[in-house]
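Colleague: Spelled out from the first residue to the last, the chains are:
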Amino acid sequence: MSFKRHWLALLLLLLGFSVQAESVKEGQLAPALNLPLLGARADESMSLEALRGKVVYLDFWASWCGPCRLSFPQLEALRQELGPRGFEVLAVNVDEFEDDALAFLDAIPVTYPVVRDADADSPARYGILGMPTGFLLDREGVVKRVHQGYRRSDGEKLRKEIVQLLESTE
Amino acid sequence: MMKLLSLLVLALMLGGCETVAPWERGTLAKPEMQWQTDTMEARLKGQLYNSKEAASGGGGAAGGGCGCN
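Top to bottom, those sequences are chains E and U.
The first sequence begins at 1 in the working numbering and counts up one residue at a time.
The second sequence begins at 1 in the working numbering and counts up one residue at a time.
Treat the hints as calculated values from the structure; they're not laboratory data.
The beta-carbon is built from N, C-alpha and C at its ideal position, and this holds for glycine as well.
Mixed in with the good hints, there may be bad ones.
What the hints assert, rightly or not - Partial list, derived from the structure: chain E residues whose beta carbon lies under 10 angstroms from chain U:
1. A62
2. G66
3. E96
4. D100
Said to hold, decoys possible - Here are the simulated distance ranges between beta carbons:
5. F97(E) <-> Q47(U): 34 to 44 angstroms
6. R69(E) <-> T27(U): 14 to 24 angstroms
7. E98(E) <-> T19(U): 21 to 31 angstroms
As the list claims (entries may be wrong) - Residues from chain U that keep clear of chain E, each with C-beta distances beyond 10 angstroms, as calculated:
8. M1
9. Q36
10. T37
11. D38
12. R43
13. L44
14. G46
15. L48
16. S51
17. A55
18. S56
Input sequences plus hints: build the corresponding full structure.
Modeller: Here is the structure:
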């Protein structure tokens with residue numbers, strides 16, 4: 001009887017838990033990523049490996065995420081300014097419907113590559129805990145900083161970090 | 001027997017609990033899913049309520065479903 005009770009208690013505990021992927025942390029090599037581009041060029045894909053040698057800001061976003069409306073123009077400005085020195089942004093869209101993402105990009109256009117993860121497999125593998133989450137990678141693809149959420153003042157901080165990374169490997 | 005049955009029912013109900021991942025909150029972030037339809041009006045009402053009550057806070061959790069603040 002006692003055994004049965006323990007077994008039931010264990011079952012209850014197990015049902016209450018769900019599996020949570022381990023988050024990618026600073027100092028780790030960013031997990032591989034190869035996804036189709038969003039929109040008209042969906043037959044082309046973009047991989048993180050293709051950007052090796054550049055300082056990359058890997059940005060997980062969705063159209064319904066409020067702070068993403070702040071981050072996109074700032075990231076675009078950073079990319080325009082620091083792109084020639086070897087900085088690139090790779091945005092991963094995790095919207096349920098592609099049209100929502102396209103409408104967002106119509107309102108806030110960007111020139112950096114935006115890929116789409118329709119299966120939302122990559123945010124799970126990266127273990128992101130909020131939207132948006134950005135991973136700043138050095139030229140070797142190692143995660144140097146994890147940014148969760150986005151505030152207006154984050155742009156300047158991010159710029160400093162990017163410049164520091166660019167300068168240390170120039 | 002009754003205890004066992006109730007435990008089993010409880011276990012089944014627990015199976016209905018689901019964690020919504022941060023990237024799956026698109027539907028939760030829709031305007032029709034919010035507690036209040038007009039944020040400004042809700043804030044104004046909150047201001048009045050807090051002044052009448054002489055206490056504030058406890059009105060809810062932070063964030064709009066995006067899990068970012």
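Colleague: Which earlier hints turn out false for this structure, listed by number in ascending order?
Modeller: none
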